[in-house]
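Chain V: place on chain C using the hints.
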Amino acid sequence: MISKDVVEKVAKLSRLHLEEEEIAQYADQLNQILDTMAGLQQIDTDGVAPLAHVLPIENVFREDEVGECFTQETVLANAPEQSNGMFQVPKIV
Amino acid sequence: MTLSRLTIHELHDLLVSKEISATELVQEHLDRIQALDGNVKSYITVTGDLARKQAKAVDAKLAAGETIGMLAGIPMAVKDNMCTEGIPTTCASRMLEGFKPQYSATVVEKLKAEDFVMLGKVNMDEFAMGSTTENSAFFATQNPWNADCVPGGSSGGSAASVAADLAVYSLGSDTGGSIRQPASFCGIVGLKPTYGAVSRFGLIAFASSLDQIGPLAKDVTDTALILNAITGYDKKDSTSADYNYPDYTAALTGDVKGMRIGLPKEYLGEGIDPDVEAQVRAAAAKLEELGAHVEECSLPYTRYAMPAYYLIAPAEASSNLGRYDGVRYGLRAPAEDVAGMFCDTRKKGFGPEVKRRIMLGTYALSSGYYDAYYLKALKVRNLIKQDYDRAFEQYDCLITPTAPTTALRKGNNQDPLALYKSDICTIPTNLAGIPGLSLPYGTDRNGMPIGVQLSGKAFAEPALLRAAYALEQNTNLTRLKPNQGKGL
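Each protein sequence line maps, in turn, to chains C and V.
Be aware that the first sequence starts at 1, since it is given in the numbering used here, and climbs by one per residue.
Be aware that the second sequence starts at 1001, since it is given in the numbering used here, and climbs by one per residue.
Hints in this document: simulated from the structure, not taken from any laboratory.
Please read all numbers here as calculations on a predicted model, not as lab measurements.
Hints are supplied without guarantee of correctness; some may be wrong.
As the list claims (entries may be wrong) - In silico DSS-like pairs for lysine-lysine, Cα to Cα no more than 25 Å straight-line: (1) K9/C with K1347/V; (2) K1286/V with K12/C; (3) K1265/V with K1286/V.
What the hints assert, rightly or not - Over 12 Å on every C-beta distance to chain C, these chain V residues come out as not near it, computed from the model: (4) H1012; (5) Q1027; (6) K1061; (7) G1065; (8) D1237; (9) N1244; (10) R1260; (11) P1274; (12) G1291; (13) E1316; (14) D1325; (15) T1345; (16) P1404; (17) T1443.
Think of the CB as a built atom: it goes at the ideal place given N, C-alpha and C, for glycine as much as any other residue.
If we strip away everything but chain C, and leave its shape as in the complex, we get:
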């Protein structure tokens, strides 16, 4: 059972600012959704490996070579704010 406290904690982990009514609504909906997931717990998965990825691919390596690069101007083209060739953000500490 997901309480409002848990929803607030998850929202914080998700970096989502939620309004009071959203917290109540999400608690309700997440409980409903997780109820339907409960059936999974009844399946015997002893000895079954988790499958995160379907392809039989191992780590893919490449040579560490300098390739074509974007210019600084191009990289910053979508920046909401920039300063001296850098992404600018509000004060951190």
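Showing chain V alone in chain C's frame:
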């Protein structure tokens, strides 16, 4: 002649024989978009000038006597979650409004190399999360068959544009059915290729182990032609499959003699609309009549695919969507400090369904719940894949419904859980990474199109195309058109 109704291969012949020009063809589509897309609302961005320029280049090649490829000069649409250099790419989200990518997705580059003509970027559920396209932050798209119905989702714009003849074909992406379900709702062909067959480089990620780009088209031949152009290994996508990709048109023989086809019982009966079930059985019977061996089979873990998927996909999404923080691109909400900027940007930029999935995924991955939810779901995913492995020892392909119903009504889709259930027939193939094709096969009691799904083992696209082509050539149930009386 109404050029916009024709297929890629029909139009290619007209272009090569110089009966039409690419310029004429693109203009007819742009005029149609102008006239009709105010109702259909399939396009977010129309790139008319670019399309005319691309068409002109094809005409120049033709005038110079050069040979052109099958897709050259054919007007098409791209789902708005694939990056197009310099052209807005929004994912139908406020978060990416105004975002102009610095590069194009590999799949777009591949089509560019084929001299494609891009009409524009089409609508979708925000970040591809949804089954109706009503989760677009901008507007809902209409089903060309019935204005009161949704086109399906999340590639609803991709499906509606093709069904309404506002594009000859389109690209969509499919994480849990997002190509096949809208193709089914709109009466066109849609294919989710094998995971890794089409590069995901430049596809804005939703759930990386499930996402796959694929074609939506007017017939099976067009589907094979598009697949020829877009499949292939890409070193920019480390999950891309290095495989000897065949010429998919070689599968279009019309001959299904000796094919072994399974009809899984878990996809029939309870929860499936009787009209849909009847058409699936009719398609199976038709294949049998044409010489295939059809028998009922079982995939016992099917019912657990939906709950496993709605843990795995949101978990991956919660991680993938962490990048939308207002720092480098997209929306930024003003705030005093950087933590406030993250939280407010994400509050303003994401719609309710995206937030819901981020919350669900974060919860499933969080300390104390990881083993019970996420890890459990991954183990069940393995059991679902093993179901398929066993089935494909016996069968070349499986035949099922694409969706449990035909197109849902608009505006009545607020219950997230009820909507998640509309993906029950398509989700299992994504979990197993195998290909699935939705073929239109007749209509229901209300005249709405029904989709039949063919699925096969990894890289068995030729088997799916072979069976689908045989149905197409031997019935009149697959090339369906919406009622033209409504201005479409």
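Cross-check of the supplied hints:
no.	hint	in the structure
1	K9/C with K1347/V	holds, 15 Å
2	K1286/V with K12/C	violated, 55 Å
3	K1265/V with K1286/V	holds, 18 Å
4	H1012	holds, 34 Å
5	Q1027	holds, 32 Å
6	K1061	holds, 28 Å
7	G1065	holds, 34 Å
8	D1237	violated, 9 Å
9	N1244	holds, 15 Å
10	R1260	holds, 23 Å
11	P1274	holds, 24 Å
12	G1291	holds, 32 Å
13	E1316	violated, 9 Å
14	D1325	violated, 7 Å
15	T1345	violated, 9 Å
16	P1404	holds, 16 Å
17	T1443	holds, 31 Å
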